[in-house]
Each structure stands twice: as structure tokens, then as C-alpha cells.
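Colleague: If you're matching them up, the sequences are chains F and Y in order. If you're matching positions, the first sequence starts at 1 in the numbering used here and goes up one per residue. If you're matching positions, the second sequence starts at 1 in the numbering used here and goes up one per residue.
To be clear, the hints were calculated from the coordinates, so they are not data collected in a lab. Positions of the beta carbon are idealized from the N, C-alpha and C atoms, including for glycine. Accuracy of the hints is not assured; some may be wrong.
Residues from chain Y shown here face chain F by an in silico Cβ test under 7 Å; the list is partial [as the list claims (entries may be wrong)]:
(1) P84
(2) P85
(3) R259
(4) V281
(5) T304
(6) H307
(7) W348
Here are the computed lysine-lysine pairs in the DSS-like style, where the Cα-Cα straight-line distance is at most 25 Å [said to hold, decoys possible]:
(8) F/K81 to F/K6
(9) Y/K30 to Y/K87
(10) F/K174 to Y/K30
(11) Y/K95 to F/K6
(12) Y/K61 to F/K144
(13) Y/K95 to F/K159
(14) F/K174 to F/K132
(15) F/K144 to F/K6
(16) F/K174 to Y/K199
(17) F/K174 to F/K13
(18) Y/K18 to Y/K199
(19) F/K174 to Y/K232
(20) F/K159 to Y/K61
(21) F/K81 to F/K144
(22) F/K81 to F/K132
(23) Y/K232 to Y/K61
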Amino acid sequence: MSDTHKPKLAVWKFASCDGCQLSLLDCEDELLAVAGAVDIAYFPEATRRMDGGPYDLSLVEGSITTPHDAERIQAIRKVSKTLVTIGACATSGGIQALRNFRDVKAFTSLVYAHPAYIDTLAQSTPIAEHVKVDFELRGCPINKAQLVEVISAFLNQRKPLVPHHSVCVECKLKEQVCVMVAHQTPCLGPVTQAGCGALCPGFARGCYGCFGPKESPNTSSIAQQWREMGASEQQILQAFRGINGYSEAFRVESERIEKRLHPSDDPKTP
Amino acid sequence: MPYRLDASSLQTLFENLKARGYDLLGPQRKDQAIVYDTLESVEDLPQGWTDEQEAGHYKLKRRDDDAYFGYVVGPRSWKRVFLPPRKRLWTATQKDGQLSLEEEPLPSQPIALIGVRSCEIHAIAIQDRVLLEGPHPDPYYAAMRAQSFIVAVNCTQSAATCFCTSMDTGPGATFGFDLAMTEIMEPEHIFVLEAGSPKGRELLADMDLENATDLQQAHAKAGIEQARQQIKRELPQDGLKDLLYQSFEHTHWDDIASRCLSCANCTMVCPTCFCTEMEDVTDLTGDHAERWQRWDSCFHESFTHVHGGSVRQSTRSRYRQWLTHKLASWLDQFGTTGCVGCGRCITWCPAGIDLTAEVKAFRDSERK
Ligand code: SF4
Ligand code: SF4
Ligand code: SF4
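Bound-form chain Y, shown alone (with noise of 0.2 Å):
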């Protein structure tokens, strides 16, 4: 049964939250973007504030009411919280000819994720199977995971980079979630509340909050229809990784290595994306020894690096291997797509490459 929440009274799910000792995470604005970082209270929220985005384009707009979440997703994916871009593992160190390994602690502050779109939870759900469910389970990961509280928020406008009505993602969230909340402007400012975890019904009951009305879910539902009537973007799914594979020697992966900058933008921002790179430091004395594990990316020459040299030399097969991966091989490999729809690598590409509009074209030269 959904729940009422006006929204005056947001700041009393923050403050149930930190009582039951969670640090909050979520949207606020930050040269010039929505990014996701600690939140104190609601006034950190980005209230009023909209995205517009479009290929290699983002800007920050004022709407014309008070809106908490009236935007979509920005630069950081909350990846960043399970699989942050850089942490140590462990240090080792060297006296009296005696080696002594230190493995960095396990987090152990929970957190709760506030404003967590559709698309991000079937990320986080991707990245579950990945790093949680593969032989060999990340054990940062995990503890984090296993501390998080999940927030939703149901989008009732998308951007024009959106296009998980393609990946089946989006708007309105299903799964994963502890709580999922509407917003709704009309016909007054309330979240529609809904819990969907034994944690979130437990949160819900302590709030001892009003049913919705049959009209305020009305309103949540047409909103999430909004966003979907908004999305333009389009990847249609059949017949995609037979393309994909069929389209290995295509000469449009020349015209896209024309344009692609193999800068790895893409890989940072996509919130699905898991590789990881080790990196082994010393201390001049050789006495002290760290090892960090830092974001890679298949744009990367040294991604592919074997005795002899790169495997994968050009940008062509990196662009390949990445559009191949993300939306074919994924599905063989962890019985997912590795694509969510959220847009990012769309607009934080500095050359504005449309993984859409590629795919597109390898589907147009097929029918020709």
C-alpha cells in the first residue's frame, strides 16, 4: 500500500535514516552538474534544478517549480560507492628481513542511497552478478552492498539521452529497491512511498504515514508514463548481437575510430562497467609495498597488453570491443546486456558519439 509523504516532511526520511545510522548519499549540484556525494539535509538537494542533455552536452537549467528530483542522471554513477575509483588493498611491509602483509579493512559504514533512478538499480543488479555472484566475490563490494539502503526515485521526465524504455529499465523502478518514491507536483508537492524490503516496510511503519490517495497514485503513475512518453532514444534489441558479431569486419568501425578519442569518458561514467586495473607501488627504501586497484577501460593500449605488445592497437578494435561486449558478448558471458539505457556515455562523450545512432547505422547498411 503506497504511502504519502508531503514533501515539506522530506527531511523526516532523512533524519529516520541517519537514526537508524546510515550517512546519506545523493544528487546535489556541483560545478555546474548534478553529481552524487554525502548529503547533510534536503536543502543539499538540487530543488528547481533540471538537466538537459544531449550527445557531448550538459546544462544545468532552472524549472519553473520546486522540484526535488526534477532532473535525470548525472556524471557519477553510484558505482562509485561499491566499486569506488580507486582504494588500496593492502600494504606490505619489510623490517628486520620479516614481511608483514596488511589487508585494508572491510567499509563499515552504512549508507543510504538517495534518488536512485531504474536504471541505475538494473546497474547495480549487473554489477551484482558480476562482482557478487561470479567464483570470486569482491569483498568490498559485498560489505557495501550488504550496508546500503536504496532510496529510489520513480522518473516522471527522462532526458533526451534516456533510453531504457529500449533496455526495459525504466522509468518506474521494480526491484532492488528498500524504498521507491514518486514525486508529484499536482495536485500538491508529496513523494508517493512505497517500500520494497523488509527493511524499507520496517522504516515506513516507524514514519507512521497517511495512505496515498487513490488520485495521488493516479497522478505518480501518469507521471512515470510522462517519462516514458518523453524518450525518444531508441536501441531496438532483436536481432542486436547477431548484428554485432556479424558486423566484426564492418568499415563504419573506421568511421567511428574517425571521431572516437579512446579518452575512456565512456567507461568511467557507464555505471555497468566493472574493469579494474592493479596498480603495485614502492617506497624508495623498497622497505614499504602498496597495491591499488584503480578504474581501467578497453580504450586503453595497456588493457590489452601481453609480452610483445598491445593486442588491441587500434581505436577501431577498441570501439569494437567495447560496443560488441557492452551490447553482445555481455549476454553470453553473465546472461545480461551490459547496457541499462541511462544515456551517460552519450553525454559525457567529448566527441558526442551516440552508441544509438551507431548501431543504428550498422542496422541501415545491413538492410541496404
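Extracted from the complex, chain F is given alone in its bound form (with noise of 0.2 Å):
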């Protein structure tokens, strides 16, 4: 079968650090048929082929950070029909969103011997907040099986399948033993998306939150169940300062914490 009868593939990066592009590289088994069942166009971290759009199906990795790449991301959209963006970076801002919670000013003139050169947005924003797009893939890495899933998805024009519940049910489907429960173990799978197959809970450590707030997360509750098992306030806004801090719900979470903790500092000074 020649290449143009199939759908187009493109991956686009923006500031992040490759991880979810390297989970469909690390498809060992699925990569084969990934490349029988799409062109793979443009995938500079695969391959030195670089075709124009337009695409099929872009998949996008990474947030946006710099004046250039807000630019960038308009013109990926247009060449794009289905624009899936995956991973935390992406869908929620990821790691380098904690700027939004502080002046990236007085950072870079810590960081950086010449702050004049740097070129850079005050916050850390998701794909969403700049285009429309078609799909959000969860994770931190994303769960290979489920990227796969959504491709498979898109190929045979179906709703994919990545449910919207707790990290609790794949905890119990997997029969797990609740570490919130038995060992006392501060945990935020019961207000985290499912994706991952409950990993740390079955290493008996807490969720770390890798994908994002599931729906209807009350997150004040399981705010107060850590302070009942004793967690610090500081612990506790770190909990939901993480990958996915600048997500709505996780955000508001931790600005209620950090206002308990410090009720009259202007959270814009580092």
C-alpha cells in the first residue's frame, strides 16, 4: 500500500522534556503497526523525514512558553485536522507552569548572567488555552497502552477509550491494598485521573497525581484527610504543586493552602 492512502501523522514539540514522545518510540511492540497504519511525516525525534501539511493527526507535546512558540502553535493547528496533545506539559502546563505562581522576572535574573536574553512568557500555559484541540492524553509519562489507544481510535474514527475516574479503581480492579487505608500513607489517587494502573500504589507509596484531576475532584477533602494523618500544610501544597500544579482544580487547592499558610504575603515574590 503506498504511504499517501494513509493518514498523515505529525509530532510536535513544545517545552518539555520528550518523555512523551518517547513513549510511542518505546511501542516496541505496537511501533510496527503504529508505522503500517500511518505515514509518520514529521517526527523529528524519529526520523530526518520532514513533509509539509497538511496532517492527519498531530500529536502535540509540551507547553507553551515563549512569545515564538504561542506563534508556533496557531500554525500547527491550521496544517492539523485532529490535534491530540499528550502528556502534563501539554495538557496542563507541567512542571515549568510553578512559574505561574510567581514572577518569572526575578527567576531569570537569578538563573541567568544576562536576563536581557531571554525571551520568555510570564506563564507556562497548556495547548488548550491557545488553540482548540480535539483530544487531551493525561500523564506524566503518558501511559503508552492509552496513546496507542488513541491512535487506534483515531484510525477506526471511535471515541477512544480513557475513562475519567479515580486512580482509587484501577487501585481495586488491580486489587491493591489502599495505602491511604493500611499503611497510612498520604495518597492523591482519589482525586487523580486513572491512567497510570495505580504504579505507586502498588509499590505502596502515595499517588503523585501524574494525570491530572479527575472529574469531580474534592479536593479540599482529601486535603483534610492528609492533615488528619498528619501531613503539613507545606506537604500538602506540594502535593498539589506538582507536574500538574496549574490544572483548575489543583491550582485552587494549593492557592487556598498557601493563603492559610501565609494570609497576607504576595504570593508574586520567589
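Both chains are sitting in their own frames, so use the hints and assemble them into the complex.
Modeller: Listed below in C-alpha cells is the structure:
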């Protein structure tokens, strides 16, 4: 079959660690099938081929942190029929969105010898704040099985099977013992979207919230549970202000906790 | 006529079951909890351990004796056997324009459930009603039920989260078992054994056991009575259905919703909750498709998804559905309550929400 019959796939990178793109390369078993099913037209991480658009499916990794990137994503949207964002950076702003809670100018003057050369935005924002996104695949990194599922769903023109329920459901389907209840280990599983297969609780650790808030997340209640288990306000603040710290539910909760911690502070000083 | 089995001979019961072709499932220690899984021998049992349970709290502790069954129910229930968390129903393959469907074969390995508590027998009976006795019996469930052998253990102690006495479901087993045993430590460490079915009677006859003495039987009875006396939690049944129906717009649902995580842990651990979701997947080529069944929950937004969105958007409406279905509309639907008082949803709720306390709050506000 000639490549012209296959949907054209492009993979784009913005501010990110490349881990999510690597998940695609890491699909050893499925990669040949993916390569057979789509025409990988643009994927600098994997191939030197750089075919022009339009593309049937664009996978976008990373967040928008510079004026240049803010323009680039507009151009990518224009040449993409379907645009899917992959990973915590692209869907919530990523760990680099911690800057959003502080003054980025103060950071650059601390970190760089010549801050004048740094052209960066005040905030790291998810792709969906800039362009219309057709589907958001969460995770830090994304789960490769979910990525293959999203591509399969796209190819077969069906809805991707990516549940929005809690990590707890995966934890229970795998019949793991709850670390909150049985070990008194604080866990973000009850407010975090499934996707990882409840990996950390399976190793007797609490969930770090890599897949961002689940649908209807009761962040105040889980914060209260953590408190009752002896976690400090600082620990709870840091738990919400992680990889998905700028996602709305986690952000609102962390700001609430910050107010409790520093009622009079100006949050804009680093 | 009850028989006696020396605690040191428990393995012979296991051997007898194995010789009849059963795989054994039963309690064992794993990741600081007592869970049901494959048992090889009595060595796997959590001998000398007990559990301490409270709302949102579970802890294993050493006992000061060598009891084999000196604890109550843990996070897993027997529904994992009859209604597994995930199972494939069929696969479809497309080849040369031909579509072929292959149903998943039904299980054929008989299993013996060791250490089933009275509340759990009631839970199995409730699931039987829903999954076996309805108009569309679940074939997998039916096959597993037909091949299972139930060894009940009468509770001689209860946890703080147990309330079987309110639900009339324990602590002693009265039906639904092939064998029932009561473990006693005095005057000596033995099991008082009783058959509850032809299969059970046949097995006991083969084991050629001595009769239990009157004293041993009295100790067994006293053990069960002790469990009953220890139970402090209550869920009074009088007028409960009407109370919940009348509380539909009560503000207390908002109070619960401020704590409820809608994480679905309560429904996952509940031995009577039976809701499942169908998941269809294809591979990249579209030539291969599978349908899976997995546990679902009324706490999920997707549970009531219809064209245009979810009917139960708020956690308030989801918790209300769960509690009202369990304790009220279940009666109208299936002629039985949906709760057996095992306390799992209380213990395994990460926010420690206790349905008995919530029902009491509704009652108290009504009295005012
Ligand atoms: S360990 Fe965490 S993810 Fe698992 S059930 Fe408990 S709270 Fe939920
Ligand atoms: S509702 Fe709770 S106490 Fe009742 S059977 Fe289910 S898990 Fe047990
Ligand atoms: S609820 Fe009753 S029957 Fe069930 S474990 Fe507790 S004491 Fe035993």
C-alpha cells in the first residue's frame, strides 16, 4: 500500500522533557503496527523526514512558554485536521508552570547572567489555552497503551477509551491494598485521573497525581484527610503543586492552602 | 450432628478438597492486609493475626493465640471469584472480508472458598438474585457458582466496623454453605464442623471425624455470641426506606458531598455492588476487536452519561443514589436490602465516611 493512502501523522514538541514522545518510540510491539497504519510524516525525534502539511493527526507534546511558541502552535493547528495533546505539559502546563505562581522576571534575573537575552512568557500554559484541542491525553509521562488506544480510536473513527475516574478504581481493579487506609500513607489517588494503572500504590507509595485531576475532584476533602494523617500544610501544598500544579482543581486547592500558610503574603515574590 | 476437627489437622480438610478437584481460595496476609487469594496449604493462612478496623482505617496486629481465623473481612470480597474485576467477553476478527466472533470460554476449574463469613454468604445470595435469578443470568457467574464449594467460618469476634446484627446477616452462618466451621481455642484448639449440603455431608463422611462434644459445641456457640456482643455499630432498619425516600432534598447530602471523594472505593469493595461497564477496544488495523466487562460505579460521571451529558453531575446526587439504592430502592427492585453490614465501605473509604453515621444524621434531623 502506498503511503498516500494512510493518514499523515506529525509529532510536535513544545516546552517539555521529550518523555511523552519517547513513549511512542517505546511502543516496541505496537510501533510497527503504528508505522504500518499511519504515514509518519513529521517526527524529528524519530526520523529525518520532514514532510509538509496538512496532517491528519498531530500529536503535540509540551506547553507554551515563549512568544515564538505561541505563534508556532497557531500554525500547527492550521495544518492539522485532528490535534491531540499528550502529557502533563501539553494538557496542564507541566512542572514548568510552577513559574505561574511567582514572578518569572525575578527567576530569570537570579538564574541567567544576561537575563535580557531571555524571551519568555510570564506563564507556562497548556495548548488548549491557545488553540482548539480535539483530545487531551494526560500523564507524566503518558501511558503508552493509552496512546496506542487514542491512535487506534482515531484510525477506526471511534471514541478513545480513556476513563476519567479515579486512580482508586484502577487500584481496586488490580486488587491492591489501599495505602491510605492500611498504611496511613497520604495518596492523591482519590482526586487523580486513572491512566497509570495505580503504579505507585502498587509499590506501597502514595499517588503523585501524574494524570491530573479526575472528573469531580474533591481536593479539599483529600487535603483534609492528609492533614488528619499528620501531613503539614507545606507538604499538602507541594503535593498539589507538582507536575499538574496549574490544572484548575489542583491550582485552586494549592492557592487555598497558600492563603492558610501566608495569609498576608504577596504570592508574586519568589 | 457437628463434628470436631483438630486445628492441627486442618490441612486434611484442604487435602480432601484438593482431592475432589477444587482449587482453594482463602485469607492470607499481603501488603499489610488480609486478602482472599489462592491457598496452597494452611501455612498460607494468617494464623495468629487479627485486624483492627475503623472508618478509613485498617491495621493488622498480632494475636496472643494461634487462631487461624481470628479476624474479619478485608478489602477483597468473594465477588472477585464470580464477577471478576475485569473479564473479556468476546473477540472479533476480520479476515478477508469475513467477520468471526469468538466467545470467551466459560471457566471450568472448581474452586473451594475457605473462610466465608456469614455476611458474605448473604452478599453472595444477593448477587445470586441479581446475576443468576433475573431474566438474563450471567453465564460466567452461573458457571463459577455451580462449581464452587463454600467453607463458611462463623465469626467469634467482630470488628468495630461490623454491623451484621442490624442487617440480620451474622455473625453465625445459617445457610448457603457446604461446610461451616467454628474455631474454638478452649478447652482445646479445634474446629466444630457442620455440613450444610449433600456435597458437604459427603466430604465429612469421607473424613471420618469424631462428633463434637456438648462442651465443644457450647464453646462454639459462646464464640459466636461473643462476636454478637462485640458489635457496636448499628443501622436500624425500621422505617429506613421511607426515611431515605423522604430525605431526597435534605441538606445533609451537601454535608456528605463536602467529604465524599467520589473515588468509588466503597462500591469496589462492597460485596453486593454488581454494576459493570462494557469496554470495546480495537487494535490499530481495526481487524481485531474485543469486548471487556469491568466493575463500574454509580460514583462515576460516565455512569449516567446519556446524550448531552451526565444525569448525575454532582457528588451529592451520586452519593444519594448509592445510599438510597443500597438501603431503600434495592428493596423495591430485588426484594432485599443491598447491604449486609460487612463494614467494608466504612473501613476502605479514604475519607472515612460511615453510612451508619450518615443514616443516623438523617434520622436525628427528622426527630427534631
Ligand atoms: S492507595 Fe491511593 S489510589 Fe489506591 S485506593 Fe487507596 S487512596 Fe486510592
Ligand atoms: S454497603 Fe458497605 S457495609 Fe453494606 S454490604 Fe456494601 S460494603 Fe458492606
Ligand atoms: S459483619 Fe458480622 S458476619 Fe460479617 S465479618 Fe463482621 S461479624 Fe462477621
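Colleague: Tell me the numbers of any earlier hints that the structure contravenes, in ascending order.
Modeller: Hints 1, 5, 6, 12, 14, 16, 17, 19, 20 are the ones this structure does not satisfy, whereas the remaining hints hold.
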